[in-house]
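Residue numbers (this note's numbering), protein chains in the order written: chain W, 1 to 671; chain S, 1001 to 1478; chain X, 2001 to 2142; chain E, 3001 to 3206.
If you're looking for bench data, these hints aren't it; they were derived computationally from the structure. Take the hints with a grain of salt, since some may be wrong.
[Said to hold, decoys possible] With the C-beta cut set under 10 Å, the calculated list includes, among others, these residues of chain X facing chain W:
#1 Leu2015
#2 Arg2016
#3 Val2024
#4 Leu2033
#5 Leu2034
#6 Thr2035
#7 Arg2037
#8 Ala2039
#9 Ile2042
#10 Thr2102
#11 Val2105
#12 Asn2106
#13 Asn2109
#14 Met2111
#15 Asp2113
Positions of the beta carbon are idealized from the N, C-alpha and C atoms, including for glycine.
Listed below, chain by chain, are the residues.
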Amino acid sequence: MTTEIDIQHLGFAMRHAWLVPAFPLVSFVLVALFIRPLSQRFSAVVATLAVFSSWVVACAIACEYYRLCPPGGEHPVLVPWAFEWLRYQPGFTVNVGVIVDPISVLLMLVVTTVSTLVHIYSSGYMKGDPGYGRFFAYLNLFTFSMLGLVAAPNIVQMYVFWELVGVSSFLLIGFYYQKPSAVSASKKAFIVTRFADLGFLIGVLTLGYFAFNLFGATAPAVSARTAAHCTMPLQPMDFLYLTSPEFLAKFGALAAGSTGITLLTVAMVLVFMGAAGKSAMFPLHIWLPDAMEGPTPVSALIHAATMVVAGVYLVARMFPAFAVSGAALLVVAYVGAFTSLFAAVIGTTQDDIKRVLAFSTLSQLGYMMLALGVATMDSPLGYTASMFHLFTHACFKALLFLGAGSVIHAVHSNEIWDMGGLRKKMPITHITFLIATLAISGFWPLSGFFSKDEILASALANGHTFIFGLALFVAGLTAFYMFRIYLVTFWGDFRTDKAHHAHEAPPLMWIPLVILAVLSVVAGYVPMGKFVSIGVEHAEHHGINFAIAIPATIAALLGTGTALLLYTGSGSRADAIARSLGGVHTLIKQKFYIDEVYLFITHRLIFNLVSRPIAWFDRAVVDGSMNASAWATRASGYLFSWMQTGQVQSYSAWFACGAMLVLLVLWAALI
Amino acid sequence: MLMLPEIIVVVTAMAVLVADLFLTERLRMGVTWLSLAGLAVAAGAVFATPMNGSMFGGQFVVDAVGWWFKLFFVISGFFTVLLSMDLLHGRTTCRMRGIGSPGEYYTVLLFTISGMMYLVSARDMVLLYVSLELATIPLFALAAWRREDIRSGEAGLKYVIVGALASAFILYGLGLIYGLTGQISLDAARVLKGSPAFWFAAAMLTAGIGFKLTLVPFHLWAADVFEGAPMPITAYLSVASKGTGLAFMFQLFFRMMGGWVHDWALMIALFAAVTMTLGNCVAIVQHNIKRFMAFSAISHAGVFIMGFLGPHDYGVPAMLFYLLAYIASTLALFAGIVWYSNETGRETIRDYRGLSRTNPLMALAMMLALFSLAGIPPLSGFVGKFFLFSVAAGAGFHWLVGIAAVNSTIALYNYLRIVREMYIEPVHEDGPAAPASWSLSITTAVLTTALVLLGIIPFFYNAINGSTIAWLSAVLPH
Amino acid sequence: MNPLIAQIAAHSPGLRDWLALTSVIFSIGLYGLLTRRNAVGILMAVELMLNSAAMNFVIFNRFCLPARMDGSVMAIFVIAVAAAEVVVGMAIFVALYRYRGTVDVNQMNTMQDPVISIEGPGDFNREVMKNINKQYKSRHDH
Amino acid sequence: MIASAIYTVLFYAIAAGTILLALAVVNTRKLLRAAVALMGALSTTAGLYAMLDAQFLAGVQVLVYVGGIVVLIVFAIMLTRSGELLEDNPTLKRKLVGAVISIGFLVSSVGAVWGSPFAIASAGKAPANDALMIGKALLDYGPGGFVVPFEVISLLLLAAMLGGIVIARKTPPTGQPFTSGGDLPGEAEVYHPLSQRDDETGGRAS
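Same shape as in the complex, but just chain W (with noise of 0.2 Å):
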């Protein structure tokens, strides 16, 4: 059934999506340029209040489109309003729009609900900063690029976008920039995506060559099929286009050279080499961990919940042509999942709680790529489950972050083995942190068990056995660490005199902390197979499925116990002496034992066999190689610079030497 729409009569919200983008970069230049000299405090509301409006409309937006197709109906791309930017030539103009399909939608109303929480919970967090109106301005530049690459309906938009998420990540991780850390990672979180966008750029001339190229073709056939729901016609570089069957077919068929690779997998897998580095898969990314030295609310907004997920939207937003050339599609489904493998074996051993949520992040993150790779056109699920994940993790992890958060700030430290104890300190911290935690873990009945159910289901049912053992054994990883640096920051003894002395955060950082709580716990209800749902086949996946969820939680609980185990004996001595009243020696000597199996565990098997040359590999060559590019630039730039000896008549022999050079040319080429 097709849904009868007509785009010259949408409602209020619908024709004004610009607004969506718009408040934040309003209030990003009236915060910049003129609130900001006058009154700190007045900066903080104005930016919060823009994203506040802005999550109205984003709300709006998506009451509209789905009372126009109903959930569980066909969900097609509709392009509002949009107006003319580049006119390259007659028949190739570049657009600026806003698109609205299930994943716009869903995207722009997590960027706007845990914005303006962040942006709430800064209010509170920052206070005493002396950067305090700046930091809400680069917050809401970021909200605006954000939203502008989320709204895209072309990949020029999405570039451009993806460039000013780039920019604003960068100034905000360089926040405090009197710390060389902090200064080191802005610097290498910006080279590492940029270069990553380097392929991006190489994929979107690619493709844009051979969209323009077949356009006269195949654009006829689409443009019948999708004029109804676009205010403007049909360009090359739109999603709409791009993804379209016909281009696909006709550009699938094309092969690079004599290699048996098409063209098309060449361009997909240069497009995935930039959503890979925003979202910091193996082996770019080395960024993440170092982009924790920005504050904790940047590190929630952008490093958890919103900017590293572009990746994966963009690679959700590109599906069929990834889906058409399967072999890129196998790509991201092995790259996420060993990032999300990779990422939690490093994540067990870390100490720094921030370092331990990015590389949870990181892994998470994975997951949602192995869902995408896994799925297909005919079986979509994987599509769904991806979606279904995204929203989920970002409740769940921008709650963990600032969770992270109120206790680093309460502690003034960001390693675990200084706090301990808190749950006496910070009740609210403390529950709404072991709601994430119980969430990413994946127990029922919270949001994380059912989309990582899907994702497992997902992997199953399309034959991916091998991902499937793999997410299994990466979900009980998942468990213990998390509940590693849950036990250990607030259970136990306090270990210093800070974490004595901590007290529960002010209201203005609790209350989005429980907001998060709830969402976290009832994302998991919201049947996302009738919102989101790409292809032919509606993905469904009804109720629970016991095949997957008997192992998955097993899995947890293996994890969960593990970490019991390890972290409540060794940390507990009044514990330990209370039960040990039975027999002291066998408890000295368990006691031992467990002490040794842990060391054993951690240090010797897990540091010294997996961790550590699993660290030294990505230090020393995915860092190294990284590093070793750019010393080579810049010793070639001193090799080249050798030339300006000062000595102009040096200068004048390598003129002279030019020309007798380009007369070889000439002579070479054209006799």
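Position chains S, X and E relative to chain W; hints supplied.
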């Protein structure tokens, strides 16, 4: 009256020279006003002239491309005067000795502008050569204008020697072409068949173009001359002189060797690749901002000539548009640099640290200009680069586009060095005390607005595109 | 008729001989430009080059289209341009001499790219640095 | 026939003289002698112009080049006291580089000229009154005239003169040479390249 803009510029130059004799020291500012007014009127006159027509029996021709070039030259001259006035009239915090004689300075500057304008209208070798020299030789003097600064003199020396060498090479090449065709007209050479002498002449002329446009390996003079020349002249060299090089290349490659452009595409692509790579790599290791800007200009030369590769009805408007974007961005950046050097006398990149706190608006403008030069969307530099890259891709030079993309990453790193100094490093304890003068403020504001608007409003590109297509269909063999 | 004279007359210079002559003079000028140490000497070499390039025009005018005067006119313009070049060049050299006490182009290198240590990994870097330092020293030994 | 033979002999003699004088220009260590050699080379060129039936041009060459430009060069030699000194010899390396490049140029240019068809006019003699022709061409504003470059060259000469005057003008002596950048040897902020640490990696963040 097709020659009206040139005549206005020349008459203004003469008037400035005469006025300088009669004005008292107190009224000396009058020469600046006169120059500015003359250039503004000349810009209006350019607008008033039609986009095609010829005078003196075809000796002097105006076409759409020349029309745009003239407009760009007048605009860059206008802003160069605005950038120079504080320095020339001693209205700076950091007192500079050895720069003065504003009347002569403006006169010489205006003469070079008229030379550039004649260059694009030339249709025979004599006018081409003479106007090229008019656009070059006085620049030697301007580079050496601060006669008490040994670096300025040294810059003049290097410029004059390499410039004379280039001039001799160009002349030798033109002579051979003249011999081959037997005619002094530029268009006559388009029917030439390939022969060793023709290729030899082409190599000589390419070297001459390379000198003006700073293509590798003819670029080596640029860094030293840029560093030694007075700051506004450095700005002028990096925009107007580059524009002249491009115009000269247009004249030679489209008019004279029009039938050969496609066969030489590989050579142009090699030049583009080597030039932008070397420029960007060497810029990494620069500390002096003038040298840095020299290498930035060199790498942009590589980007410019990518426009010669593709189908010309895309390439030519793309090059013109990028030239406009480049002029706006570079001059906006130089407004900040001139201001900083006027106030403190310092010119290394490290000196700009913390500028965003002491003068946030100027830092913002400089950042926008740097981002535009680096090609960050949606600023004009991005749009221009996008067009040029797609021209090269359309011509099948995918490897060149790859190299250019890698280069834009390196370039971004380079420009971010300055942004980082301004935004992230602690404030310079001895930074500029005074805010920018009104002339620099106006320059900055106008050009920054322009570089943003050029990128987001398609009008300008459409205007260039629309007017040049007719010219191209007339001038190019298909 | 004396056969020697006939022989000589038969070798009457053609276009190529004339052009070879200008090539030789141009090359000599180029050599001078590349080797002379005094800036004024370099300018003299440039004059030789411009002169021979101008002569090309006159030669072509004579041999290819004797009816018109284009090449000769070009030569006159070249002479004028050369004069302008010399004026500016000499002014710069005189001003420079006033403050440097010399116009030796080898010493005109206050502006050049500095040679800086490359922070890089391992022995390779040390080798590179050693070479660069050596070259730097040689650049300043005159 | 005899005229032709004389012409031939004259050509080779003058050409050899010009080449010798040109070699003297670039090789003499005394600059004043080089200037005299240059004067000679330009005069013999004037002779060659005369042999090319360009008598007016030969006159211009002697008047402007020999009489004007070379005198200017001699002035410059005097003002920079280059005439009193023996110029330092260029290094062997530089000589070698110069020789290789100029011989490369010579070989390729002669080769290029030799292998190319030039449009040699079989008939036609230069007009007898070339001064009149040139004068007409310079002031002709129709097709094939040169009135525009003629005006432009006057601007060039004026601009060059103005620039030259300003630069060579003496300013009141105020002592030390100075510079603005603060990055020259001898300035407060010493810019010795080897002591300068790289701002990317040196000092601060590692």
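Which numbered hints fail: Violated hints (numbers, rising): 1, 2, 3 and 10; every other hint is consistent with the structure.
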